[in-house]
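Chemist: Sequence:
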Amino acid sequence: MDKVRVALQATDPLSRAGLAGLLQSRPELTLLGADQRTVDVLVVSVQRLSAGAVAALRRAATETGAPIVLITEEITEAELLTAVDCRVVAILPRAAVTGERLAHSVTAAAGGGAIMPPHLVGELLKHIERLQRTMSGPYSANRSGLTAREIDVLRLMAEGLDTHEIATKLCYSQRTVKNVVYGMTQRLQLRNRSHAVAYAIRAGII
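So the working numbering is basically just the index in the sequence shown, starting at one, shifted up by 14.
A portion of the hints provided could be inaccurate.
[What the hints assert, rightly or not] Computed spacing ranges between beta-carbons, pair by pair: (1) Arg73 x Ala34: 12 to 22 Å; (2) Gln200 x Pro27: 18 to 28 Å; (3) Gly174 x Tyr196: 15 to 25 Å; (4) Arg72 x Arg201: 32 to 42 Å; (5) Thr90 x Thr112: 20 to 30 Å; (6) Gln38 x Thr190: 31 to 41 Å; (7) Thr52 x Gln200: 16 to 26 Å; (8) Gln203 x Leu95: 38 to 48 Å; (9) Gln38 x Thr161: 40 to 50 Å; (10) Gln203 x Arg169: 18 to 28 Å; (11) Arg30 x Gly197: 30 to 40 Å.
Everything labelled a hint here was simulated from the structure, so no lab data went into it.
Note that the structure is predicted; figures quoted are calculated from it, not measured.
All C-beta atoms in this analysis are idealised placements derived from N, C-alpha and C, irrespective of residue type, glycine included.
All chains, please: the whole structure from these sequences, using the hints.
Modeler: So this is what it looks like as structure tokens:
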């Protein structure tokens, strides 16, 4: 199996040194240097998701085109939606970071999965329920622009499953899942999988 190529950005030297050590200790990962053009996953460490941090996330996502694993002290439900829109697919609380957890998040991100803090997932589900009660007109299910199969795939993506796991769960081939995701993102002009999940959440579809 090919190693996952990882780039690292951190707001302070100590965090960068510590995270670099964790990433370099994992045999399934390769930490890249200055050349990030071939990166598979970008790991970003910030204290809080400030306006400056959000701008840096958007810039990094544009430059690398890679999914982002975010490490931060604290994040709110509203900040979670912003982070997802910035191609963040996994979030780790700084205090809970270990080599194993970081590697798991990176490999999940590389495989098209997502990992979110459990307490925020609960709040996110409540937010979705509120959206579903209040959403009408252009965002109703039959006018969402998504097929039933696409919605099934999106739900599993939002739960953190990767392509292989989604295919197994839905009894599809991995190629079918990839084609579903590609067709959906191209048709609705969505940047990537995390953007598709954000679209579905905000529309009250999942």
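Chemist: Now look at each hint and say whether the structure bears it out.
Modeler: Hint check:
{"no.": "1", "hint": "Arg73 x Ala34: 12 to 22 Å", "verdict": "holds, 21 Å"}
{"no.": "2", "hint": "Gln200 x Pro27: 18 to 28 Å", "verdict": "violated, 41 Å"}
{"no.": "3", "hint": "Gly174 x Tyr196: 15 to 25 Å", "verdict": "holds, 20 Å"}
{"no.": "4", "hint": "Arg72 x Arg201: 32 to 42 Å", "verdict": "violated, 23 Å"}
{"no.": "5", "hint": "Thr90 x Thr112: 20 to 30 Å", "verdict": "holds, 24 Å"}
{"no.": "6", "hint": "Gln38 x Thr190: 31 to 41 Å", "verdict": "holds, 36 Å"}
{"no.": "7", "hint": "Thr52 x Gln200: 16 to 26 Å", "verdict": "holds, 23 Å"}
{"no.": "8", "hint": "Gln203 x Leu95: 38 to 48 Å", "verdict": "violated, 19 Å"}
{"no.": "9", "hint": "Gln38 x Thr161: 40 to 50 Å", "verdict": "holds, 43 Å"}
{"no.": "10", "hint": "Gln203 x Arg169: 18 to 28 Å", "verdict": "holds, 21 Å"}
{"no.": "11", "hint": "Arg30 x Gly197: 30 to 40 Å", "verdict": "holds, 39 Å"}
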